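Colleague: Order-wise, the sequence lines are chains Y and Z.
Residues in the first sequence are numbered consecutively from 1, following the numbering used here.
Residues in the second sequence are numbered consecutively from 113, following the numbering used here.
FYI, nobody ran anything at the bench for these hints, they're computed from the structure.
Just so we're clear, the structure is a prediction, and the values are computed from it rather than from any experiment.
Even glycine gets a Cβ: it sits at the ideal position worked out from N, Cα and C.
There could be a bad hint or two in this list.
No farther apart than 25 Å at their CA atoms in a straight line, the calculated lysine-lysine pairs in the BS3-like style are these [said to hold, decoys possible]: (1) Lys129/Z with Lys40/Y; (2) Lys65/Y with Lys47/Y; (3) Lys151/Z with Lys39/Y; (4) Lys40/Y with Lys151/Z; (5) Lys129/Z with Lys159/Z; (6) Lys39/Y with Lys65/Y; (7) Lys152/Z with Lys39/Y; (8) Lys177/Z with Lys47/Y.
Per label pair, the in silico range of CB-to-CB distance [to be verified]: (9) Arg147/Z with Ser34/Y: 14 to 20 Å; (10) Arg104/Y with Thr194/Z: 30 to 36 Å; (11) Ser167/Z with Ser34/Y: 35 to 41 Å.
Protein chains: 2
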Amino acid sequence: MKQVIVARRDLGMGEGKLAAQVAHASLSAYQDASRRARKKWQGEGQKKVVLGGDSESQLFELADKAETEGLPYAIIRDAGHTELEPGTVTTLAVGPARDDSVDRVTGDLPLY
Amino acid sequence: MKQVIVARRDLGMGEGKLAAQVAHASLSAYQDASRRARKKWQGEGQKKVVLGGDSESQLFELADKAETEGLPYAIIRDAGHTELEPGTVTTLAVGPARDDSVDRVTGDLPLY
Numbered sequence: 001m002k003q004v005i006v007a008r009r010d011l012g013m014g015e016g017k018l019a020a021q022v023a024h025a026s027l028s029a030y031q032d033a034s035r036r037a038r039k040k041w042q043g044e045g046q047k048k049v050v051l052g053g054d055s056e057s058q059l060f061e062l063a064d065k066a067e068t069e070g071l072p073y074a075i076i077r078d079a080g081h082t083e084l085e086p087g088t089v090t091t092l093a094v095g096p097a098r099d100d101s102v103d104r105v106t107g108d109l110p111l112y
Numbered sequence: 113m114k115q116v117i118v119a120r121r122d123l124g125m126g127e128g129k130l131a132a133q134v135a136h137a138s139l140s141a142y143q144d145a146s147r148r149a150r151k152k153w154q155g156e157g158q159k160k161v162v163l164g165g166d167s168e169s170q171l172f173e174l175a176d177k178a179e180t181e182g183l184p185y186a187i188i189r190d191a192g193h194t195e196l197e198p199g200t201v202t203t204l205a206v207g208p209a210r211d212d213s214v215d216r217v218t219g220d221l222p223l224y
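Model the full structure from these sequences, guided by the hints.
Modeller: Structural data, given as structure tokens:
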């Protein structure tokens with residue numbers, strides 16, 4: 001079981017901003033998961049991997065794939081109080097789910 | 113309501129590593145919070161702030177303060193598969209809780 005969070009590298013987010021957006025996506029996708037998937041993932045140490053994306057459209061395409069695969073996921077838009085324009089899509093989290101299921105969605109992306 | 117995550121700057125974590133550790137702390141402290149605190153925080157947009165810490169001992173001191181204040185919190189140790197020694201303390205999350213309660217614990221720290 002794992003959760004993958006894809007964060008946009010093209011936005012030039014600062015480290016703290018990036019971390020907060022990744023955390024936001026992680027928690028939101030967790031809430032979208034079944035009780036069973038949550039428990040299994042946590043029992044295995046809640047593995048998380050942060051990958052790099054390049055654009056808003058890419059994040060939406062990956063979200064569509066996650067939807068098609070029936071996986072929990074969440075797209076995060078920034079509230080825009082600080083670095084970014086309000087409503088900017090920053091991150092997508094997929095899972096917790098089986099490793100191979102998540103890889104079918106995000107398998108080609110590089111580490112952030 | 114807010115949640116503050118304190119991450120160690122002295123470890124030189126890469127951006128993706130940092131983000132994953134912050135997400136781990138965020139979710140763990142969320143699970144330590146009451147149902148009521150969770151719902152209130154989420155209703156307000158789950159505000160998260162990432163601050164910088166300097167040492168393991170500092171994170172433990174802050175965790176003690178959170179405990180004394182009766183706030184939800186979580187200390188994260190890295191599993192050590194990649195950048196860090198196994199068991200390295202990387203992050204502390206405090207909250208979700210009222211802003212002023214969290215500030216009593218982490219108020220003096222700089223943004224990460």
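Colleague: Evaluate each hint against the coordinates.
Modeller: Here is how each hint holds up against the structure:
1. Lys129/Z with Lys40/Y: 22 Å, holds
2. Lys65/Y with Lys47/Y: 21 Å, holds
3. Lys151/Z with Lys39/Y: Distance ~20 Å between Lys151/Z and Lys39/Y Cα, so the pair holds.
4. Lys40/Y with Lys151/Z: 24 Å, holds
5. Lys129/Z with Lys159/Z: Between Lys129/Z and Lys159/Z the Cα gap is close to 21 Å, so the pair holds against 25 Å.
6. Lys39/Y with Lys65/Y: Holds, because 24 Å separates the two Cα atoms, which is no more than 25 Å.
7. Lys152/Z with Lys39/Y: Distance of about 24 Å is within 25 Å: holds.
8. Lys177/Z with Lys47/Y: Distance of about 28 Å is beyond 25 Å: violated.
9. Arg147/Z with Ser34/Y: 14 to 20 Å: 19 Å, holds
10. Arg104/Y with Thr194/Z: 30 to 36 Å: The hint (30 to 36 Å, Cβ to Cβ) is violated, given that Arg104/Y and Thr194/Z are roughly 23 Å apart.
11. Ser167/Z with Ser34/Y: 35 to 41 Å: 39 Å, holds
Violated hints, in rising order: 8 and 10; the structure is consistent with all others.
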